[in-house]
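Sequences listed follow chains A and B, in order.
Everything in the first sequence is counted per the working numbering, starting at 1 for the first residue and increasing by one.
Everything in the second sequence is counted per the working numbering, starting at 1001 for the first residue and increasing by one.
Some hints here could point you the wrong way.
[Stated by the list, open to error] Calculated pairs, SDA-like style, for lysine to any residue (alpha carbon to alpha carbon, straight line, at most 25 Å):
(1) Lys-8/A with Ile-266/A
(2) Lys-118/A with Lys-1069/B
(3) Lys-264/A with Lys-1206/B
[Claimed, not checked] Chain A is faced by these chain B residues, among others (derived, beta-carbon under 8 Å):
(4) Leu-1053
(5) Ile-1054
(6) Glu-1076
(7) Asn-1086
(8) Tyr-1087
(9) Tyr-1088
(10) Tyr-1099
[To be verified] A few chain A positions that, by computed beta-carbon distances, are all more than 10 Å from chain B:
(11) Leu-10
(12) Asn-16
(13) Met-30
(14) Phe-37
(15) Met-52
(16) Pro-53
(17) Tyr-81
(18) Val-84
(19) Asp-152
(20) Ile-198
(21) Ala-211
(22) Ile-221
(23) Ser-222
(24) Tyr-240
Hints in this document: simulated from the structure, not taken from any laboratory.
Glycine included, every Cβ here is placed at the ideal spot set by N, Cα and C.
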Amino acid sequence: MNNNLFTKELKRNRKNLTIWSTITVGFTFMILSIYPFMQEMGQDLTVMMDKMPAELSKAMGMDSQTWSSILGFYSTYYGIYIIVLIGIFSTSTAATIISKEEKDGTSEFLLTKPLSRKSIFVSKLASLSILVLIIYLLQSIFAGIGMSLFNDMETDWSTLFVMHIHGLVLILFFSCIGVLISMFVKPKKNFMGMVVGIVFGSYFLDAIGKATEATNWISYISPFHYLSFSVNDPDFQVNYLSALVLLLIGAAMLVFSYTVYKKKDIGA
Amino acid sequence: MLAIETNNLSKFYGKHRGIENVSLSIDKGEVFGFIGPNGAGKSTTIRTILGLLIPSSGSAQIFGQDAQKEGAKVREKIGYLPSEVNYYDEMSSRELLEYHARFYPKSDLSKIEELATYFELDLEKKITDLSFGNKKKCAIIQAVLHQPELLILDEPTSGLDPLMQNRFFDLLDQENEKGTTIFFSSHILSEIQRMCDRAAIIRNGKIEAVEDIQALLEKQMKKARFVFQSIPENLQFPAGVQHEKWHQNKLTFDYVGPIADLIKWMAKLELADAVLEEPDLESIFMNYYER
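Based on the sequences and whatever the hints tell you, model everything.
Encoded structure:
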């Protein structure tokens, strides 16, 4: 671990982090601030929800019950917007934090310094973790503040907590995928399309899978399936097994990425 | 102790050969040239020594330490000037040099200012706004800033104007006097001739020869130019004459052989003028390539 490199990476990504954090926090606040208006519509909304095709409401993970509380309302947006947004930021940062140096040719500068590849890899991942945790924590804190501001009932903090733990594991998992793909995709490529595809794609695979019995199997290939946000489920709690398995797979992807990076020819 | 020692260093990209069995021994304090045409494997050799490329076989030692296994320690002693400078666009030269310096315990930050003045480099300008030559100046400062024991220079003068080239050579002389070993890779022979004690000639990924520059220049070979009063008929050349060329009554050729034989031969001719001179490195070099 090299401090000089670690701090430089944080500085280098600070602008990007600020932009994405602002968007994510802004979105969180917007969603929560809409809730009081939705609540006023009350009965009408329930009627409307019941008229929706069952497949669609299942795919979106909502029914007339869901929107009866601010937590339920927030949970339907948490997956599709918040986690996808943070996921895209984390995965794209993960995909570029090492490969950007190769793309810009600066890897020659970095790798001729008195640093081992291990130290470079570890320092960069340490910066990445901090960046990901900052955006995640900022969003969580503002979600908490928003809940307190716009909820006229008692907030169920422990359920919110469970949902956000699931979110964190998913974000970390996607970040590991980002690091892994950067080892195999030519660094000259723009990763953004691929990253959006993977994160959004995972969400939609899960959504399609949920819609009908026949498509259930599809959701098994999506990490979203294993860490759900269905807060109205009476058994809703942290799925430790899934979290552990996803984190282990993530760690394995990092170890594998490192073995690739260690033996990689840089530039030419 | 040797500054650089490579043993049968090879690098293949799949079936494509980068370098093959490169063995070099460079003494501490030496200025060692590395000559070869573009694509001969100069940069590949350097990049393998620096640990950017993983060798297919063979090994490289820097001051007795393995360049792969102990790469981080080894690189602390090396200053590297790349042929193509790619730095962080968003940084200014000062930020880049300070960032560089923080990786080395021996760095002297006050030298940044001093060297920037010497090379007339504006430290506040962003890298992205620098011309090719100015980027090179920044890279030169970067290479010497941490007082390395070994300087590895890859095509160091490309992009520098003649004035800056001279200042750069003066700086190298000073560094060398302090005991710094210099590995100087170039395809410009006059530079090698000016700077180096010995040079390796690389071609198609293989070392063709390692020669003492002085010995190379003195190596028997002479360039001869004659002006004849009258062009002799059926002129017989002594053995060792090559590349003979007539231009009216003027004759030039290269001669490799005992000088006494040449003088005996000359004595029989009716000459208006005769010049015998040492060849420049260029012709010796071409001589290597033609073989």
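Hint by hint, here is what the structure shows:
About 21 Å separates the Cα atoms of Lys-8/A and Ile-266/A, which keeps this hinted pair within 25 Å; it holds. About 12 Å separates the Cα atoms of Lys-118/A and Lys-1069/B, which keeps this hinted pair within 25 Å; it holds. A C-alpha spacing of about 24 Å is found between Lys-264/A and Lys-1206/B, which places the hinted pair at or below 25 Å, so the restraint holds. A least Cβ separation of about 5 Å between Leu-1053/B and chain A falls short of the 8 Å threshold, and the interface hint therefore holds.
With a least beta-carbon distance of about 6 Å to chain A, the hint placing Ile-1054/B at the interface is held under the 8 Å criterion. A distance limit of 8 Å between C-beta atoms decides the matter here; for Glu-1076/B the minimum to chain A is near 4 Å, and the interface restraint holds. Interface hint status for Asn-1086/B: upheld, as the beta-carbon distance to the closest one in chain A is roughly 3 Å, under 8 Å. A cut of 8 Å between beta carbons decides the hint on Tyr-1087/B: the least distance to chain A is about 6 Å, and the hint holds.
Hint status for Tyr-1088/B: holds, given a least beta-carbon distance of 6 Å to chain A, under 8 Å. Because the smallest distance between the Cβ of Tyr-1099/B and any Cβ of chain A comes to about 6 Å, under 8 Å, the interface hint for this residue holds. With 10 Å as the threshold on Cβ separation, the claim that Leu-10/A sits away from chain B holds: the shortest Cβ distance comes to roughly 13 Å. Annotated as non-interface, Asn-16/A keeps its C-beta farther than 10 Å from every C-beta of chain B; the closest such distance is 12 Å.
Listed as a non-interface residue, Met-30/A keeps its Cβ farther than 10 Å from every Cβ of chain B; the least gap is roughly 32 Å. Listed as outside the interface, Phe-37/A is consistent with that label: its C-beta sits roughly 44 Å from the nearest C-beta of chain B, beyond the 10 Å cut-off. With 10 Å as the threshold on Cβ separation, the claim that Met-52/A sits away from chain B holds: the shortest Cβ distance comes to roughly 49 Å. For Pro-53/A, the shortest C-beta to C-beta distance to chain B comes to about 50 Å, beyond the 10 Å cut-off, and the non-interface label holds.
The beta carbon of Tyr-81/A is kept farther than 10 Å from every beta carbon of chain B, the shortest such distance being approximately 31 Å. The Cβ of Val-84/A lies farther than 10 Å from every Cβ of chain B, with a closest approach of about 28 Å, so its non-interface assignment holds. With a least CB separation of 48 Å from chain B, Asp-152/A remains clear of the 10 Å interface cut-off, as annotated. Every CB of chain B lies more than 10 Å from the CB of Ile-198/A, the least distance being 28 Å, so the non-interface label holds.
Once the 10 Å rule is applied to beta carbons, Ala-211/A is consistent with being away from chain B; the minimum gap is 46 Å. At roughly 34 Å from the closest C-beta of chain B, the C-beta of Ile-221/A stays outside 10 Å, upholding its exclusion from the interface. For Ser-222/A, the shortest C-beta to C-beta distance to chain B comes to about 37 Å, beyond the 10 Å cut-off, and the non-interface label holds. With a cut of 10 Å on Cβ distances, Tyr-240/A stays outside the contact zone with chain B, its closest approach being about 39 Å.
Of the hints listed earlier, there is not a single one the structure fails to meet.
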